[in-house]
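2 protein chains.
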Amino acid sequence: MLHTSEALQQLIEEFSQLPGIGRKSAQRLALHLLKQPREDVVRMARTLVNMKDRIRYCSVCWNITEEDPCAVCASPKRDRSMICVVEEPNDVIAVEKTNDFTGLYHVLGGALSPLDGVGPEDLKVRELLGRSANDVAEVILALNPNVEGEATTIYLTKLLKPLGVKVTRIARGLPVGGDLEFADEATLSRALEGRVVL
Amino acid sequence: MLHTSEALQQLIEEFSQLPGIGRKSAQRLALHLLKQPREDVVRMARTLVNMKDRIRYCSVCWNITEEDPCAVCASPKRDRSMICVVEEPNDVIAVEKTNDFTGLYHVLGGALSPLDGVGPEDLKVRELLGRSANDVAEVILALNPNVEGEATTIYLTKLLKPLGVKVTRIARGLPVGGDLEFADEATLSRALEGRVVL
Numbered sequence: 001m002l003h004t005s006e007a008l009q010q011l012i013e014e015f016s017q018l019p020g021i022g023r024k025s026a027q028r029l030a031l032h033l034l035k036q037p038r039e040d041v042v043r044m045a046r047t048l049v050n051m052k053d054r055i056r057y058c059s060v061c062w063n064i065t066e067e068d069p070c071a072v073c074a075s076p077k078r079d080r081s082m083i084c085v086v087e088e089p090n091d092v093i094a095v096e097k098t099n100d101f102t103g104l105y106h107v108l109g110g111a112l113s114p115l116d117g118v119g120p121e122d123l124k125v126r127e128l129l130g131r132s133a134n135d136v137a138e139v140i141l142a143l144n145p146n147v148e149g150e151a152t153t154i155y156l157t158k159l160l161k162p163l164g165v166k167v168t169r170i171a172r173g174l175p176v177g178g179d180l181e182f183a184d185e186a187t188l189s190r191a192l193e194g195r196v197v198l
Numbered sequence: 001m002l003h004t005s006e007a008l009q010q011l012i013e014e015f016s017q018l019p020g021i022g023r024k025s026a027q028r029l030a031l032h033l034l035k036q037p038r039e040d041v042v043r044m045a046r047t048l049v050n051m052k053d054r055i056r057y058c059s060v061c062w063n064i065t066e067e068d069p070c071a072v073c074a075s076p077k078r079d080r081s082m083i084c085v086v087e088e089p090n091d092v093i094a095v096e097k098t099n100d101f102t103g104l105y106h107v108l109g110g111a112l113s114p115l116d117g118v119g120p121e122d123l124k125v126r127e128l129l130g131r132s133a134n135d136v137a138e139v140i141l142a143l144n145p146n147v148e149g150e151a152t153t154i155y156l157t158k159l160l161k162p163l164g165v166k167v168t169r170i171a172r173g174l175p176v177g178g179d180l181e182f183a184d185e186a187t188l189s190r191a192l193e194g195r196v197v198l
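If you read the protein sequences in the order shown, they are chains E and Z. Residue numbers for the first sequence, in the numbering used here: 1 to 198. Residue numbers for the second sequence, in the numbering used here: 1 to 198.
In case anyone wonders, no lab produced these hints; they're calculated from the structure. Wrong hints could be hidden among the right ones.
Copies of the same chain look alike in the list, so a pair counts if it fits in one copy or across any two.
Unchecked claim - The calculated lysine-lysine pairs, modelled on DSS-like cross-linking and capped at a C-alpha distance of 27 Å, are:
id : residue 1 : residue 2
1  : Lys35     : Lys97
2  : Lys77     : Lys166
3  : Lys24     : Lys124
4  : Lys124    : Lys35
5  : Lys24     : Lys35
6  : Lys97     : Lys24
7  : Lys158    : Lys24
8  : Lys35     : Lys77
9  : Lys24     : Lys166
10 : Lys161    : Lys35
11 : Lys35     : Lys166
No experiment lies behind these values; they were computed from the predicted model shown.
Construct the entire structure; sequences and hints are all you get.
Printed below as a string of structure tokens:
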């Protein structure tokens with residue numbers, strides 16, 4: 001392009017590869033950074049590489065960590081008899097924010113999705129089975145409430161039950177602050193199905 | 001935070017400083033990059049610093065460029081008697097995409113905004129007046145159709161007219177593909193005001 005710079009185009013290209021960032025947003029981000037002081041841009045570049053170099057996966061729960069085993073797995077305060085199974089590291093952050101769970105985690109690294117070519121061997125399923133056999137009383141499946149999450153929940157339940165471990169999954173229902181009138185049929189039907197005696 | 005990494009938090013912090021990127025998007029971007037191969041992340045970091053090091057401002061039109069003067073200002077094919085004044089470098093890209101303008105540009109670097117502390121001395125106004133005095137037949141003001149853009153248009157018109165140069169501004173009206181029924185009053189009123197004899 002005659003009216004712009006190749007170095008800028010490269011950066012726009014890099015940014016538009018990121019999830020949820022289109023061509024226009026990438027352009028806005030690149031031009032924003034162009035206006036920032038050089039040291040800020042250098043710091044961002046360093047933070048990027050630093051993140052990549054320092055972060056590993058916990059060899060117990062497969063969450064991201066800088067120390068192996070991770071702080072949760074290493075903590076003596078956590079209840080070792082409960083494992084909460086999630087898809088991704090950000091799901092651990094979400095559950096931790098509730099302050100309601102004191103057990104350990106297991107990060108699968110995704111959910112079963114034959115269309116995307118994700119099978120059981122791409123997830124940390126074998127590792128979960130290995131952990132669940134040892135002194136674990138309950139495995140809580142906290143996967144996303146979509147087709148892939150449901151399929152993975154069913155699959156894992158079939159593998160875990162024979163180990164004699166209690167398998168539960170988090171409730172589906174109306175979100176707090178939600179409106180019954182605007183709830184979709186699937187959510188409302190799950191909410192009815194999961195009704196609780198008062 | 002117990003359940004995540006400091007290096008990751010730093011990157012999320014950096015990303016959430018960017019315009020249009022909230023905390024949740026920043027988290028998603030960081031976790032996406034964590035999954036990418038190390039060389040991809042290093043390349044992105046390099047592209048960032050490279051962009052910052054190679055890009056300068058054209059000393060004629062103040063657009064971003066790698067060579068000074070920029071390709072537009074240096075091109076013998078461009079009509080030197082017309083200057084299109086825009087706020088930011090991305091506006092130059094937008095105008096160039098129309099393939100309808102063959103003159104030169106002048107990038108102000110923003111618009112007058114007393115509330116944000118942006119005065120004429122923060123914009124390339126003096127530079128525009130200097131250029132407009134020399135053999136320029138027409139200055140086209142192509143600023144954003146908002147309060148700041150309008151104020152800047154009025155301000156620049158007052159300064160440019162005494163130099164004997166023709167000052168025009170791009171039309172306001174209904175966007176192509178738009179719907180009269182859904183046009184806001186301000187746009188429709190400008191469209192009526194700017195009606196053209198057929």
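To see whether the hints hold, each was checked on the structure:
1. Lys35 x Lys97: between (36 Å within a copy, 23 Å between copies)
2. Lys77 x Lys166: Result: close within a single copy only, 22 Å intra versus 77 Å inter.
3. Lys24 x Lys124: between (37 Å within a copy, 25 Å between copies)
4. Lys124 x Lys35: between (43 Å within a copy, 15 Å between copies)
5. Lys24 x Lys35: Both: 17 Å inside a chain and 24 Å across chains, each within 27 Å.
6. Lys97 x Lys24: So Lys97 and Lys24 pass the 27 Å test across copies only (14 Å; inside, 33 Å).
7. Lys158 x Lys24: neither (46 Å within a copy, 34 Å between copies)
8. Lys35 x Lys77: The answer is neither: 47 Å in one copy and 30 Å across copies each exceed 27 Å.
9. Lys24 x Lys166: Classified as neither: same-chain Cα gap 49 Å, cross-chain 33 Å, threshold 27 Å.
10. Lys161 x Lys35: neither (58 Å within a copy, 31 Å between copies)
11. Lys35 x Lys166: Neither way: Lys35 and Lys166 sit 56 Å apart in one copy and 32 Å across, limit 27 Å.
Of the numbered hints stated above, those contradicted by the structure are hints 7, 8, 9, 10 and 11, listed in ascending order.
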